[in-house]
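What follows is the residue order along each chain.
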Amino acid sequence: MKHLLSTRDLSRDDAILILDTAAQMAATQEREVRKLPTLRGKTVVNLFFEDSTRTRISFEAAAKRLSADVINFSAKGSSVSKGESLKDTALTLQAMGADAVVVRHWASGAAYQLAHGGWLHGSVLNAGDGTHQHPTQALLDAFTMRRHLVGSPEGAGLDGLTVAIVGDVLHSRVARSNVHLLHTLGARVVLVAPPTLVPVGMEPWPCEVVHTLDEAIESYDIDALMMLRVQRERMSGGGLAFFPSPAEYTRLYGLDADRLGRLPDHAIVMHPGPMNRGLEISAEAADSPRSVIVEQVGNGVAVRMAALYLLLAGEEGAQ
Amino acid sequence: MSRPIVIVNASLYGEETASLLVEDGVIAQVADSIEAPEGALVIDASGLVALPGLVDLHTHLREPGREDAETIETGSRAAARGGWTAVHAMANTNPVADTAGVVEQVHSRGQEIGLVDVFPVGAVTVGLKGEHLSEMGAMANSRARVRLFSDDGICVYDPVIMRRALEYVKTFDGAVVQHAQDLRLTEGSQMHEGEVSAELGLAGWPAVAEESIVARDALLAEHVGSRVHVQHLSTRGSVEIVRWAKERGISVTAEATPHHLLLTHESARTYDPLFKVNPPLRTQDDVDALRDAVGDGTIDIIATDHAPHASEDKDCEWAAASFGMLGLETALGIVQKVLVDTGVLTWRDVARVMSETPARIGRVDHLHGRPLAAGEPANITLIDPNAPWTVSADALASRARNTPYGGIELPGRPVATILRGEPTHLDPRLAPDTEGVPA
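Heads up: the sequence lines are chains A and B, in that order. For the first sequence, the working numbering assigns the number 9 to the initial residue and increments by one for each residue that follows. For the second sequence, the working numbering assigns the number 1331 to the initial residue and increments by one for each residue that follows.
Only chain B is shown next, with the shape it has when bound in the complex (with noise of 0.2 Å):
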C-alpha cells in the first residue's frame, strides 16, 4: 500500500494554482485545497510547475550487452532524476533488440527497478544489417507490447527494406522511427561539413545526407499509407521537408533534441569528444531553424537520443571516438533555457513536446501523457524553474560521464518525479522528512 501524496499549490501546466491528491497510483482529486490524509506525504509545491511525466522517445539504456557505459538500472535512475517517467529503448544492444525474447527482457527489468517505464522499440532489421525484417509481429504481440521500431544509429538505407517495414508496422499500428543518413554520403564523416570542418580536417557530414532521406522517407510514407518517425533532425532543409510533408497530408513526426537546439558545430574547434554525436552539430541558423520548428509545431517533440558511453570510448582522439551524449538528466534544463525563458513555448507547450505528443507516437498514451486531471495515472513531474544549477558529470545518475554540458549554468530542474504515485525522484528540500530517492 503506497503512501498518499498531497502536492500543494502547485502550477499545473504554468497555469492555475492548485493542489493534487495522489493515491493508489492515481490522482484522486484535484483542488484548491486539499485536507492531507493520515500519513501523507505533503509536498510544498509553491513555486513549482506539475507538467504529466515526461515520456523520452528516445533513449539509449545500453542492457544488455555495454552494462560498463549504461544499465537499465542506472539509465532509469538518471531518468527518474531527469524527470522522467517513461523511456524508449534503442535496439542497438548485444544482443540486438530484434526478438520478442529480448524486448521483454528488457521492458521486464524496467519494470522490477520500477523508476521508469521501459518500452523497447524493436529493430527494424535484424541484427540492424538492414537486411532482412525482424520479428515485428512478434515483437508487437510481446508482454513488451512494442509498436515503435527503428535500426537507430543506423539508418535504414534500402527504399525496399523500409518501403516493407512502413508497410508491414501498419498491422500493428506501429510507426518506423527512422535515423535519417544517407549511408554512401557520410562514410567516415566525423562532423558537420561546413566551415568548421573544412577547417579542422574533419571528415564532413553533409545536410543533405539527412534531408534526402527525410524527403525520401515523406514520401515512401505517402505511398503505402503509413506512418514514419524522424529522429533527431538536425537541419534547416530538414524541417522544410517535414513542414512540406505536413501541409501535404502525410502522417509523418519530427523530434528534435536537446543538443541540437542548444549547441553548434563550433564546439568541435576544441576536438573534445563529448561533443561528437550523429547526427552532428550544425550550425546556429539550423539550432534557429530547430527552435522555430518545435515553436510552430513542425518538429512534434523533443528527445534526449541519450547516448551513455566508457570513458575510453570518449577519451580520445576525435576520429577514434564513439557518437553520443548524455541527455536524460539535463533534457529539462536545457529546453526551458533555450525554448521556455526565450517565450518560444509555453510550460503547457513542454507538457506536449516532452509528454503528451510522445506518448501519442509511443502508443502508450493510455499510460502516460495523460491530463493532470482527476482519475487519471498518477505520473507527474514537478519542475523548480528558478532553481539554477551548474551541470557537473560527476553528479549525473548515469554509469557513463560524457555529458558536454560539464560546467554549463541551467535554469531549472525537476525537483519530483511520480511514478503510479510512487515518487521516482524528490529533491529533499521537498520532503526533509524521507530519504530523498527511494532505493
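Chain A extracted, bound-state conformation (with noise of 0.2 Å):
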C-alpha cells in the first residue's frame, strides 16, 4: 500500500491488516511507556486545508507515539481561493523531504490529486476530502465495533453485524467510507435518511436504505447504531434546506432515549464527532453506557498509527 485515498480501494484482506496492526498499535499504548521507535527518521506532514482540530491531533499523536518528525502545515483554502496553492504546496512539501503527506482537504478528490499529480513522490493519507472519503474514520469505526461485537476479534471481520448509518448521507465522507469497509468486512449496511439527504445515483452501493429511524429500529436487529453529524444551515434557509426544521429532524432522526431503548441490549451508539447535542443524538443516548463515542477518539490514535506505519515502514521492506 502506497497510499490510503478510500475505503473502497481496501480488500477485505487490507482492511483486517489495518485493524490487527491496529490492535497490536492499541496494546502498545497500555505500556508504561508509550513512545516506539519504528518510524524514527520519516518526516510526517499533517496538511490541513480545512479547520479539524481533533483529526488534526489524532494524527499528530499516531505519528509521533511512532516517533515520527511532525510537521504540521495549515493551509487554509476557502473554495474560491485557486488551487494553485494545492500544487505549489505539493511541491513545496517534496522539496522539504516529506515521506507521509496527511491531507485534509475542503475539496473532493484533492488527497487522490496529491498522489497521482506527480507532484510528491511520499505516501498520502487522505485525513477526509471533501463530500468523498475519510477511510481512517471508516477504519476506527471498524475497529470499535469489531472490539465490541466480534468474539475473537483478531484476524476477523464483521460478519453478520448489521450497522445503521444514520443522517446526512449526501454530504458525508463519513458515511461513503464506511458503506464500503464495512461491505467488505462482511456487514449489512442500512442508510438511514431523509431522501433529500441520500445521493442520486447511490442504487450501487452495498447498502439498503429506509427513510425513518423508527423503521430502522423496527425492521432491523440492528448491532451498531452510528449517528453523522447533521449541519444546522442544511436545515434552513428556503431552496437551500434540505429539510424542514431541526425540531422536525429530531423527531424523525434523532436518538433519544426512547429509540435507545428499543435497540437490541448489545447495540452500541457510535457518532464520528462533534455531536450536536440535542439534534442528532439527545444527551441520554451519548453519555449512556452503550454510548462508544469516547472510546471511538482513542482507538483513531492506533488507527491511524497503523496506517502510518504499514505506509511507512512497509515501504523499507519494498526498497
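These are computed hints drawn from the structure, not numbers from a lab. Cβ coordinates follow ideal geometry from the N, Cα and C atoms, glycine included. Careful, some of the hints might be misleading.
[What the hints assert, rightly or not] If you want a taste of the chain A side facing chain B, the calculated C-beta under 7 Å gives, among others:
no. : residue
1   : Leu-94
2   : Ala-115
3   : Gly-117
4   : Ala-118
5   : Tyr-120
6   : His-140
7   : Pro-207
8   : Gly-209
9   : Met-210
10  : Pro-282
11  : Arg-285
12  : Leu-287
[What the hints assert, rightly or not] SDA-like cross-link-like pairs, simulated, lysine to any residue; straight-line CA separation at most 25 Å:
no. : chain 1 : residue 1 : chain 2 : residue 2
13  : A       : Lys-95    : B       : Ser-1641
14  : A       : Lys-84    : A       : Glu-241
15  : A       : Lys-95    : B       : Glu-1397
Dock the two chains into a complex; use the hints.
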C-alpha cells in the first residue's frame, strides 16, 4: 500500500491487516512508555486546508508515538481561492522531503490529486476530502465495532453484523467511507436518511436505505448505530434547505432515550464527532453506557498509527 | 493578387473525385482534370476528402479580457488548423460583447488576422446578467452584422427575458442561442448527477436542469413564432424534447459537441479538471442518444464549445477549476472517429452538420457552407481520413493547453484549409515548396 485514499481501494485482507495492526498498536498504548521507535527519521506532514483540530491532533499523536517527525501545515483555503496552492504546496512538501502527507481538504478528490498529480513522491493519507472519503474514520469505526461485537477480533471481519448509519449521507465522507469498508468486512449496512439527504446515483452502493429511524429500529436487528453529524445550516434557508426544521429532524432521526431503549441490548451507539447534542443525538444517548463515542477517539490514534506504520515502514521492506 | 491553387483529385464530399481550380478567392472550375496556371500552388489531393470550409457556431476566443488563455490570433490559428473557415465568437468576454463597439472590434480583429472569419455572437442581456436586454439591434446593424445572441456560459433564465429576446430578434432574422441550464437546480454543481458523482462526492448537475429549459424554450419559441438554437445538448432527454419540438413544427435547432459525443462522466474519476465542462460529461446512454440524434438529424450541427483556460484555472482542485475544454483542432478527428468511421454519418453529412447548417443558422450562408462548385467562394477544407495522429497538448496552436484528449489517437485530420482562396493551414507534406501555414 502506497497511499490510503479511499476505503473502496481496500481489499478485505488489507482492511483486516490494518485492524489487526491497530490492535497491536493499541496494546502498546497500555504500556508505561508508549512511544515506539518504528518511524524514527521519517517526516510526516499534516496538511490541513480545512480546520479540524480533532483529526489533526489524532494524526499528530499517532505519528509522534511512532517517533516520526511531525510538521503541521495549515493552508487554509476557501472554495473560492484558486487551487494553485495545492500544487505549490505539494511541490514545497516534496522539496522538504515529506515521507507521508496527511491531507484534509475541502475539495473532493484533493487527496487523489495529491497522490497522482506527479507533484510529490511520498505516501498520501486522506484525512477527509470534501464529501468524498475519510478512510481512517471508517477504519476506526470498524475497529471499535470489532472490539465490542466480535468474539475473537484478531483476524476477523464484521461478518453478520448490521450497522445503521443515520443522517446526512449526501454530504458525508464518513458515510461513503463506512458503506464500502463495512461491506468489505462482511457487515450489512443500512442507511437511514430523509430522501433529500441520500445522493442520487447511490443505487449501486452495497447497502439498504430506509427513511425513518423508527423503521430502521423496527425492521433490523441493529448491532451498531452510527449517528452522523448534521449541519444546522442544511436544515433551514428556503430552497437551500434539505429538511424543514431542526425540530422535525430530531423527531424523525434523532436518537433519544426512547429509541435507545428499543435497540437490542448489545447494540452500541457511535458518532464521529463533534456531536450536536439535542439535534441528532440526545444527551442521554450520548452519555449512556452503550455509547462508545469517547472510545472511538482513542481508537482513532491506534488506527492512524497502524495506517502510518503500514504505509511508511512497509516501504522499507520493498526497497 | 493571390496565387492560384489547383487541388488535384480530391474526393468531393467523400464521393466522386475531381480537381478544383481556385482563383481570385472563388472556385473557378471543377473538372476531371485541370491544367495548372503558371505559378499555381498544386496540391495533390489523392485520398483526401474536400468539404466546404467548416463553420463553428460555438467558440470562445477570450479576447478581449483573457488574452492569457487565448487571443483572436491564436484562436484563429487553432481554427484554421482544425479545418474551420468561420467561427462564432461567444460574448462572455471582458468587456462583454453586448455593444456594437465590442462586436465590431472582435469582428475587425478577426478580419485583420485573416485566418478565419470571426462572427461575433452578441450578448442577450447587458453584462450577461440576465436582467436587461442588450442593444441587439445596434449589434445586428453594426459592421459585425450580428445575427446570433447568447449569454452562453449562463442560461437566459428569466422566462420573461427569454420571451422578449425571442420576440425581439425577429426584427433582424436573428436567433437566440441558449445555454440551457436551470440555475437553481445547478448551484455549486460540479459534474453529471449520477452514480459517479454519488461516489466521488462531487455536487451533481442533474439532466433535468438542462431538459426543463430546453422544453421551456421550445414552447416559448412556438408561442412567439421565433427561432431558438440550443447549445451543447448533453442528455437523452434533451434529444427527445428537441425531436418532439421539431415534429411539432417549432423552429428549434440544436448542437452537440465532440466531447459530449466521445467522453462520459467516468472520466471524472481521475479528478482531473481537464474533464470538467459545462454541461457536464454524461453517461454512455446519453452519448449513444446524441450520436443517434446527429445521425437522424434531430441534432442539426456539431459545434466545438472551444473553451481555452489558463493553466492555473485547470491545474487545481476539481471544485476550484473552470469549466471548459479546447476543441477546435480535435473536432474533426473526433467526428470522424465516432460518427464517420462508425457509419453514422457520411462525409456528405459532415459537410451538412459542420458547415452548411451552422452557416445557415448563423445567417452567414451567403459566405460559408457553400457548394463546392464553380463560381462559389473558395472556402475549402481538405481532410486526410487516413492520417492517424496522437493528440498532444503542447502541439496545439491554442494559447491554452486544456485539451482532455492528450494521448488519444484520432483517425484523421484536416491537412489544408482555404479561406477565400488563401491557404490558412497547409500540411507541409502537401506542398513542399511552401512554408506550410502562412504567417
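Hints violated by the structure (numbers, ascending):
10, 11, 12
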